[in-house]
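Undergrad: Chains as they are written, first to last, in the numbering used here: chain F, 1 to 362; chain W, 363 to 724.
If you're looking for bench data, these hints aren't it; they were derived computationally from the structure.
Bear in mind the structure is a predicted one, so any value in this text is a computation, not a measurement.
A few of these clues could be false.
For lysine-lysine, the following DSS-like pairs were computed, each having C-alpha atoms within a straight-line distance of at most 25 Å [to be verified]:
id: 1; chain 1: F; residue 1: Lys327; chain 2: W; residue 2: Lys696
id: 2; chain 1: F; residue 1: Lys90; chain 2: W; residue 2: Lys595
id: 3; chain 1: F; residue 1: Lys68; chain 2: W; residue 2: Lys508
id: 4; chain 1: W; residue 1: Lys566; chain 2: F; residue 2: Lys90
id: 5; chain 1: W; residue 1: Lys581; chain 2: W; residue 2: Lys566
id: 6; chain 1: W; residue 1: Lys717; chain 2: W; residue 2: Lys696
There are 2 protein chains.
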Amino acid sequence: MHELTVELGARSYPIFIGEGLFSSTELYEKMMGSSKLMIVTDTNIEQLYLADLLRSLEDFQVFVHVIKAGEVYKNLDTLNTVITAMLTSKISRSDCLIAFGGGVVGDLTGFAAACFQRGINFIQVPTTLLAQVDSSVGGKTAVNHKLGKNMIGAFHQPIGVISDVSILASLPEREFSAGMAEVIKYGLIRDKDFFEWLESNIDKLLMKSSVELAYAIEKSCLNKAAVVSEDEKENGIRAILNLGHTFGHAIETGLNYQTWLHGEAVGMGMVMAAYMSVEMGWLSESDLERTLILINKAGLPIKLSAECKEFNMRELMSIDKKVSHGKLKLILLKNIGSAVITEDFDEQILNNTIKHFYGMTE
Amino acid sequence: MHELTVELGARSYPIFIGEGLFSSTELYEKMMGSSKLMIVTDTNIEQLYLADLLRSLEDFQVFVHVIKAGEVYKNLDTLNTVITAMLTSKISRSDCLIAFGGGVVGDLTGFAAACFQRGINFIQVPTTLLAQVDSSVGGKTAVNHKLGKNMIGAFHQPIGVISDVSILASLPEREFSAGMAEVIKYGLIRDKDFFEWLESNIDKLLMKSSVELAYAIEKSCLNKAAVVSEDEKENGIRAILNLGHTFGHAIETGLNYQTWLHGEAVGMGMVMAAYMSVEMGWLSESDLERTLILINKAGLPIKLSAECKEFNMRELMSIDKKVSHGKLKLILLKNIGSAVITEDFDEQILNNTIKHFYGMTE
């Protein structure tokens, strides 16, 4: 088992990574200060793993709330059902939530924990690669609004995270690839060695080899934790974690959160950001090439779909959270392993980038 | 003009108290870092004062969102309309909200500011006495859930508060009295001198004399600010601010937030808490008497209404936020000017207290 700590002063918390951890009674006992808790999970995870989790929590007073699986349910209405369940079960400020699922369950449950009676504890047990390497670190919680993704949320740190690599065996291939987008992102923005390790080990990862998986998750979490510790509320450097996300969110919003998975949109967004970085005269052609190859090998799209022509990507990018004083901020690359946050780009280059990818849809 | 500062480190903010302040361009310019803002107000305040406020904000880029007046609209649905308006107006993280109204507008707008893109600035311009002495200090924001008041919320400090005493001239008498409940509360929990000043000046206050009003508001804010500075997130002493609120919330929830105003329910709750404090052998009969007289003089109910018999008050108290590890916490009085937070009370005394007041409904 790997254990690492996200350093955030009084809000520091541990992440446990390894095989067969999600049903370890010991880990829950270690983290939890309360004997009463509510598990929030979705219909998919309920079928596969809920019985095992409940068995490991026999000594606790446990309630369960199951939400429908899917990004379209990450909204205020579903949040309200969680709050209703909490109030009906008389969950109080001193009790605890467990988010048992992928990013949707994690973000929604985290936000429920953040705003229920102005804040209670929660534990993340992420069941997708994406959630293990991304949403479980950093305390960003949110639900979507019909006009934009993650528009309603809070910073709220979990009291602990359990990332079980065994659980990834049942993850559909597309979802696994979507998680790889964020893994590759850490290499691109701040860890060239890790990027090169990924180039060498991508095949083993795709075969879900436990040793390599645990290493990739740990490296991803360490990279993210280092950035988050430095800038918890995203006043500066933390924004580099959004490489590919401004383009990606526009794609997701334009497609109404359907068709493409978040990680797929982010992967595509990184391709577009890398292309634009070349156009800016920053990234080399060969680094762009390596980026495209790795993203492609990971099973992610590197071209837009025809549907994407039906919305105005530039327009959707302007409602992104990274707009400050009316100016759009983009995360671009100087090299593999080195990202910059910039408001200082030629609008024409951005438009040409979008046009370039609109011209090669499939 | 009185000016005081709520001391909260990096989140410290000023409160301005005086006549004719809400339309002072200078104060807004002093506080605001952004030129773009959205005013959230309700249908009542819109009619009376919005034009004046807009005139004082001519140099800003201003959007307005009007919600229906009333506690029943302080919910997730209305929050969603605020967020929709913000997104449609392209309000970004660096822009600002102005909460222009009473407690409902303040709590709802504050929560919108807390969770919109995980947090933006807001200014409070409270237009009721209750909001000026209570919800504008301390950063508690929330909306109601059908199973409980203020169940969904966040701690989010404003960047400044403007309390205009002139605006109270148009406040209905019942609402003014409701605000007096919180004013009297500060005397009861921690400021015997202020309680005695209130006994001497209650008539001038009821006539809305500016000098006395500004003094009472300043004293109330100073008392609240002192408690909040010590314990921002309510891990301890801040709970004393909830004197009367556990009983009061049960009344409000039982009556579905209709019939009684929040301040009226709190006033009644303080009467019940004071009575119970006597039963506990803590408060003297004569202090109870003085408390009843002042609350009554302020125009507040000191008896339950017959409708209150239609719900189980003890049951509703158990979903209060002040329940910890299954145990109800109550705020009771040792003396006028001295409150205690206790879990250590005889359940029978609580039940007798409720029974006593159920026996003398009118």
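Undergrad: Take the hints in turn and mark each one as holding or not.
TA: Results of checking the hints against the structure:
| no. | hint | result |
| --- | --- | --- |
| 1 | F:Lys327 with W:Lys696 | violated, 57 Å |
| 2 | F:Lys90 with W:Lys595 | holds, 21 Å |
| 3 | F:Lys68 with W:Lys508 | holds, 22 Å |
| 4 | W:Lys566 with F:Lys90 | violated, 45 Å |
| 5 | W:Lys581 with W:Lys566 | holds, 16 Å |
| 6 | W:Lys717 with W:Lys696 | holds, 22 Å |
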